[in-house]
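Work out the full structure, taking the sequences as your base and the hints as a guide.
As a plain string of letters, each chain reads:
There are 2 protein chains.
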Amino acid sequence: MRTSIATVSLSGSLTEKLTAASRAGFDGVEIFENDLLASPLTPEEIRARCADLGLTIDLYQPMRDIEAVPEDEFARNLRRARHKFELMRRLGTDAVLVCSTVSPLALDDDALAAAQLGRLADLAQDFGVRVAYEALAWGRHVSTYDHAWSIVEAAGHPALGTCLDSFHILSRGSDPKGIEDIPGEKIFFLQLADAPLLAMDVLQWSRHYRCFPGQGGFDIAGLLQHVVRAGYDGPLSLEVFNDVFRQAEAGTTAVDARRSLLVLQESIGLASLPGPVVPTGIAFAELVTPDAEPVAAILGALGLARTARHRSKPVDLWERGEARILVNTGPAARRDGTGLAAVGLESPDPEGAARRAEALLAPVLPRRRAPEDAPLDAVAAPDGTELFFCATDRPELPNWRADFETIEYVETAGDVAGAVDRIDHLALTQPWHHFDEAALFHRSVLGLHGQESVDVADPYGLFRSRAVTNSGGSVRIALAVGPAPTEDETRAQHIALATDDVVAAARRFRAAGGGLLPMPANYYDDLAARYEFTEGELATYRELGILYDRDAQGEFRHCYTRTVGRVFFELVQRDGGYQGYGAQNAPVRLAAQHGQRPLR
Amino acid sequence: MRTSIATVSLSGSLTEKLTAASRAGFDGVEIFENDLLASPLTPEEIRARCADLGLTIDLYQPMRDIEAVPEDEFARNLRRARHKFELMRRLGTDAVLVCSTVSPLALDDDALAAAQLGRLADLAQDFGVRVAYEALAWGRHVSTYDHAWSIVEAAGHPALGTCLDSFHILSRGSDPKGIEDIPGEKIFFLQLADAPLLAMDVLQWSRHYRCFPGQGGFDIAGLLQHVVRAGYDGPLSLEVFNDVFRQAEAGTTAVDARRSLLVLQESIGLASLPGPVVPTGIAFAELVTPDAEPVAAILGALGLARTARHRSKPVDLWERGEARILVNTGPAARRDGTGLAAVGLESPDPEGAARRAEALLAPVLPRRRAPEDAPLDAVAAPDGTELFFCATDRPELPNWRADFETIEYVETAGDVAGAVDRIDHLALTQPWHHFDEAALFHRSVLGLHGQESVDVADPYGLFRSRAVTNSGGSVRIALAVGPAPTEDETRAQHIALATDDVVAAARRFRAAGGGLLPMPANYYDDLAARYEFTEGELATYRELGILYDRDAQGEFRHCYTRTVGRVFFELVQRDGGYQGYGAQNAPVRLAAQHGQRPLR
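Going down the list, the protein sequences come from chains P and U. Position one of the first sequence corresponds to residue 1 (the numbering used here), numbered consecutively onward. Position one of the second sequence corresponds to residue 1 (the numbering used here), numbered consecutively onward.
Among the hints, erroneous ones may be present.
As the list claims (entries may be wrong) - Some chain P residues close to chain U (C-beta under 10 Å, calculated; not the full set): (1) S39; (2) E86; (3) R89; (4) V102; (5) K177.
These are calculated hints, taken from the structure and not from any lab test. A virtual CB, placed ideally from N, CA and C, is assigned to each residue, including glycine.
Written as structure tokens, this is what we have:
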């Protein structure tokens, strides 16, 4: 189906909005009246700009407080409408949205509403305009879609139909099944918006918290199925009022928006995309750093060994078991200081994974960085992290390790208690505006599931964290975002390494000269109050700075290294099916990090 | 009464919070458990720190999910409580908050709750601790204050009393009058928080949106009167969970907090402060600028004349009628580029106004800047703007104009159509975190009333605006704040000058070489749709960039100059008692400003 977006969903001037919608691949736009009023472009110029950008103008919106009023008031409303229909002729659009009235002058009189909407449609017809009447969830007398439809039906005018808006329908808890009783050709327009499930005043909820389908809690796919069954064949149009999107860069928002519509259409069989290829593990994490020394010291103390070096680039491979970390000291160190730049995802079908990512509008990165490199499929995540879809030592597929030459190194003695054996999870701090976008990206592009979103109290502000994971838990990525833009170093990214004995791992790390983040004594006094531990257990945790959590499934023990640049490491031990990340302990860890300067 | 604040209400480390509370003049604190857990200080060190800072520890909080559970669970809870009572002994505090349980294990059994709370109180008594039981608004079985009190009463234990929290009581719509039926000595603690009136989930409302008394919509004063009548004589303590305060600088928040308690106490006769001295007009606005030329060009074109120069400083006085603007090119130009640095408020009693401001914790500025200057009472507003309480040409009071020497200038011909005659309003953009603080400051310190708060859609983000005014409307200050920190130049401050003929004023301004901000043609097409104008009227507005608004009382016409640095000017014509500021037009004006580079 054709896709469209209301200009109010994007930030910036009208020109910026139109450009962003076009670049993201939308077919059309709804022109929001205030965007037009504030634009220096004439309606004819807007029309031409849209044509140049390959955009149709699918709707002009909104017209408010038209119907069910005393005759003198209605005469004024018709006068106003005539001006707008003339404007629409200049714009070259033939559909206008009329919202159910909120005027205190309006009468609770459906027959009057139908008669006046019919007269409005008469006038509209003279201008070649079709009127789409929509129930606002907070409309004065008409607030449900079936009520709006009954008025449209009663008017029985060819230029009058209804507009359905998923927010107005689902926020009221209306059953969308009744949509199928509306003749498809009388559904003149469909506006889609999701929203988080908040118990709050519906008008405030609508004006500030709408989001793109799949980013909230509504069953938009279910509603869309009913609309399709009714026979609607107009555009799928996003109308999202969101305080954050109002501030975010329009181009990014538009891509996020269209991705949401692609996934929505796929979910009900309206679009066919390359299927998701769920990663089966983390092949590697890649750090960039201007100075390998501090990172190397920590990795060595963590028990990883430098086993290989890239053939043509200053990139070292550090590994232990399936935990592999690349340390890149090349000019690719684009970020300030030391940071996490890329993630290798072990993929059963790297090419297929990249095809899906591309279909879902992820920027595709060059397959070969140098002529001699093995081909490697990669895309950029919304936060700029490079995601490589790759295979480790699987004969049927290009092997990313083939680009690395083995270094002679002293093998450490076989099995060691507490040895790190894989990456448990990666924690990626997202740019302020892009939390929902990142979650949708990781779910739709990578086929990961979202876990519960949690608030974490940092001493200097709340932030929000949400993990995405595959079903086996072998890929876990924790996405976090602060409450506002910040330069705060402690909102760094981190790599958590799994061990089956965190106490032994921590001791060995310390013995090898590694610096563990010390935790406050009061924390351990509180653990003693909350849980009973075996003799000496708590003293050990206290000594090593190990944090403890427990859920219905199992236990979690974890500790942290000092921060290097914008990165730190965590050692984690999961027992008995614990699924979380120790969010309970995060405020204590964050406070401890605020008390320390990062190493450089 | 003694004042106290919960550490959770302030941002930062525990040490930073305690320091801020002490500096703002609080007598005590509630220690929030998570702040203690995350602190590297031992309980003994925290106790000593508080003593050094002159703070008592009035409460340790919270203890959760204690009561009405099966015996084996309760035994674990008592064990946990014993640990906390030991901790409290080390801290040197004797009161603990117990919140009504939210545990799914809890039984709906008041007798069991009373019996177990009694046993908890037995244990507490051994440690010299008093238990204050509070109903959470979302408690599982106990969610109202009278229910919590009935359980405390049934337990009949000397070490068990109740804690009242204004948020939990008022958010549920409970009638606070019943508080008077509780014996004062059984009200062990009182926590105060206000909140905006939002229809939303009460837990989310409580956790994110609480604010200080007078900043929300609750009748905190009414509740406090009931508590005082009940005989409560403990501290007034603020417990505020607020996403913004979590990020704001603790020292500023603590001052804002204590100011709110002072005003609250004054409002019900518990504190005696110097009375408010409401300003009767705006004596002057003072601009600082590194280069007087662009400002002078605009002021001259606006019809103001440079009439006087400060005796000892590079400050010029520009005036016309009662519109007076100082242009300061001295080193006092602290801000980057051109900005509004000070406001002179015409005061019937400048010294009294300053005494009140000082009592309400406003930083008092030196009365004489130089030995020869006339004494001038001044304080700093929260945004750093200097507020001078002054008198213009009133013989009984020091005259600020006495410091200025008249310049020879050519008098313009007497009455001129559209001449500017006074400052209609000043618009001051507030730092991001300080909107509620600024509104409370202007209301309490200056005795101005708050007008309605409105959302304004800037093309690049929503912002919020709220005006404060005196009853005659001769002082109007519009406070605005953006949705997030921004460097955006168009969120500048501005000075609106009143005229009784904005068309004539705009024409003269333009004829004198002034640059008016052009407005888009589409805006005028929309005006034509909405209103009927006299012949030629709209064409004039369109030509000059005059915006139009209308409310139930009257009409408003206004236009804007180009921006210089961070300041621009507005010409406004109010007719028939219009009370607003043209907020309806602000998105169009903001978009027009985004399209222009400010002059420097």
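Verification of the hints:
1. S39: OK, holds: S39 (chain P) within 10 Å of chain U, min 6 Å.
2. E86: 9 Å, holds
3. R89: 13 Å, violated
4. V102: Violated: closest Cβ of chain U sits about 16 Å from V102 (chain P), beyond 10 Å.
5. K177: 28 Å, violated
Comparing the model with each earlier hint shows violations of hints 3, 4 and 5; every other hint is respected.
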